[in-house]
Every structure is written in structure tokens, then in C-alpha cells.
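Novice: One letter stands for each residue in the lines below.
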Amino acid sequence: GESVGLHLPTLSVQEGDNSIINCAYSNSASDYFIWYKQESGKGPQFIIDIRSNMDKRQGQRVTVLLNKTVKHLSLQIAATQPGDSAVYFCAESPSNTGFQKLVFGTGTRLLVSP
Amino acid sequence: DTGVSQDPRHKITKRGQNVTFRCDPISEHNRLYWYRQTLGQGPEFLTYFQNEAQLEKSRLLSDRFSAERPKGSFSTLEIQRTEQGDSAMYLCAPLTITDTQYFGPGTRLTVL
Numbered sequence: 001g002e003s004v005g006l007h008l009p010t011l012s013v014q015e016g017d018n019s020i021i022n023c024a025y026s027n028s029a030s031d032y033f034i035w036y037k038q039e040s041g042k043g044p045q046f047i048i049d050i051r052s053n054m055d056k057r058q059g060q061r062v063t064v065l066l067n068k069t070v071k072h073l074s075l076q077i078a079a080t081q082p083g084d085s086a087v088y089f090c091a092e093s094p095s096n097t098g099f100q101k102l103v104f105g106t107g108t109r110l111l112v113s114p
Numbered sequence: 115d116t117g118v119s120q121d122p123r124h125k126i127t128k129r130g131q132n133v134t135f136r137c138d139p140i141s142e143h144n145r146l147y148w149y150r151q152t153l154g155q156g157p158e159f160l161t162y163f164q165n166e167a168q169l170e171k172s173r174l175l176s177d178r179f180s181a182e183r184p185k186g187s188f189s190t191l192e193i194q195r196t197e198q199g200d201s202a203m204y205l206c207a208p209l210t211i212t213d214t215q216y217f218g219p220g221t222r223l224t225v226l
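For the protein sequence lines, the chains are A and B, in the order given. Residue numbering for the first sequence is 1 to 114, as defined by the working numbering. Residue numbering for the second sequence is 115 to 226, as defined by the working numbering.
Don't read these hints as lab results, they were simulated from the structure. Be careful, since some hints might not be right.
[What the hints assert, rightly or not] Sample of chain B residues with no beta-carbon within 12 Å of chain A, all distances over it, derived:
{"hint": "1", "residue": "K128"}
{"hint": "2", "residue": "E192"}
{"hint": "3", "residue": "A207"}
{"hint": "4", "residue": "T214"}
{"hint": "5", "residue": "R222"}
[Said to hold, decoys possible] With a straight-line Cα cutoff of 30 Å, these simulated BS3-like cross-link-like pairs (lysine-lysine) come out:
{"hint": "6", "chain 1": "A", "residue 1": "K68", "chain 2": "B", "residue 2": "K171"}
{"hint": "7", "chain 1": "B", "residue 1": "K171", "chain 2": "A", "residue 2": "K42"}
{"hint": "8", "chain 1": "B", "residue 1": "K128", "chain 2": "A", "residue 2": "K71"}
{"hint": "9", "chain 1": "B", "residue 1": "K128", "chain 2": "A", "residue 2": "K42"}
{"hint": "10", "chain 1": "A", "residue 1": "K71", "chain 2": "B", "residue 2": "K185"}
{"hint": "11", "chain 1": "A", "residue 1": "K42", "chain 2": "B", "residue 2": "K185"}
{"hint": "12", "chain 1": "B", "residue 1": "K171", "chain 2": "B", "residue 2": "K125"}
Think of the CB as a built atom: it goes at the ideal place given N, C-alpha and C, for glycine as much as any other residue.
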């Protein structure tokens, strides 16, 4: 079946460090991947996305890497700030559903210490 | 600001009551999705609309749930005879022209 999982439920870093959040997916039919940030009491906030025809995509302080061979996705946050503290979800969109349903993992909590 | 509002933001109800949530995208979007999120979990797909048409429903959407999008803009999600297991955050997400789902702030439902 479909599943999107995360290796680490909680990641603690110091302010200024780089953070790496990992995600494994199981559906080889997925062709679109998204990282969302969710703060307490709020809806998921779009961070960055990547399509399966790319291996890497960069945004502002964030980079997403996609390794289709091992079905692995990662989010790199440069110079992590206290405001980055939140739960991060990766989501995949299997192309075989035909309607871009997102399948989410359980999330990784990022804690940034000053 | 994602350009999506949801109302109410919080709803506390007693078991057996009916509740209705509303999702209002600011701009027009052909597709609109509903998800449910329980504590500590990622959002789970419930249903989606292509304009006014509801095209797909998850098996999570029991007969007590009904969703509408009468004019292809705002959408409502109704739960009848609520149960404690319905307690969750209900999220809507319109699909943008770049095929990205931007989520609203959600409605937190607590069933006592």
C-alpha cells in the first residue's frame, strides 16, 4: 500500500546549524513531492516541492533532494532559526490516482534552541 | 496568508449533534480538497471537488459525512450525529494553477 514515513520523530538543533529532515516513500508511482511546515494550531504551510524529473530543488534557505532509486526525500534547512521550530511533513502525490491526492507521513518535530 | 479561510476555527459539540464547516478560497480554484488530521498524525485525504462535482471520496468519509461545493467556489463539510472519533482538525486545500495544494487554517472539532 501507499505509505510515507519519516526516520526521526524529533530533531533538535542549535540555532545557526543546518537541519536535515528525511522521509521515505513507498509508492514508485508518485511523481510529485511536497514539504509542509506546520506550527501548533495552524494548517500545513507549503515550503517547497519537487517533481520526479528533478533530483534537487532550492528555495530560500531550503533545499529538497529526491532520490528515486531508494525512494528517499530530504529537506535541508540552512542556518536554522528558532522560527523554524515546527512539525515538518513530507507528502507524495501518486500519479496513478489521477486526482493529485496527497499522502502524508506522520511528521518530524524540529526543535531549534537559541 | 494562503488565501483560504475556514470557519469556524474551533468547534466544540456534544456527541450526536450535527456540525458544518465552511471553506472559502479567496480566488477561484477548479479543484478543492478536504483532509482530516488527528493529533500527531499527518493529514488524511477525505474528498475533493472539481468545480461543483465531488469526484472522489475516501473510505474515511462515512455516511454521516457530506460535502458540497454548490457554486464551485466555497465548500462545506457536514458531519451528522457526531462521534468522539470525529474529533480532529479538518483542513481544506484548493489546488493552485501550479498544482500546489495550499491549506487553510483548519477547523478544530472537539466532540464531547
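Novice: Are the hints correct? Go through all of them and say.
Specialist: Structure-based check of each hint:
no.: 1; hint: K128; verdict: holds, 23 Å
no.: 2; hint: E192; verdict: holds, 20 Å
no.: 3; hint: A207; verdict: violated, 8 Å
no.: 4; hint: T214; verdict: violated, 6 Å
no.: 5; hint: R222; verdict: violated, 7 Å
no.: 6; hint: A:K68 / B:K171; verdict: holds, 29 Å
no.: 7; hint: B:K171 / A:K42; verdict: holds, 24 Å
no.: 8; hint: B:K128 / A:K71; verdict: violated, 44 Å
no.: 9; hint: B:K128 / A:K42; verdict: holds, 24 Å
no.: 10; hint: A:K71 / B:K185; verdict: violated, 40 Å
no.: 11; hint: A:K42 / B:K185; verdict: holds, 27 Å
no.: 12; hint: B:K171 / B:K125; verdict: holds, 23 Å
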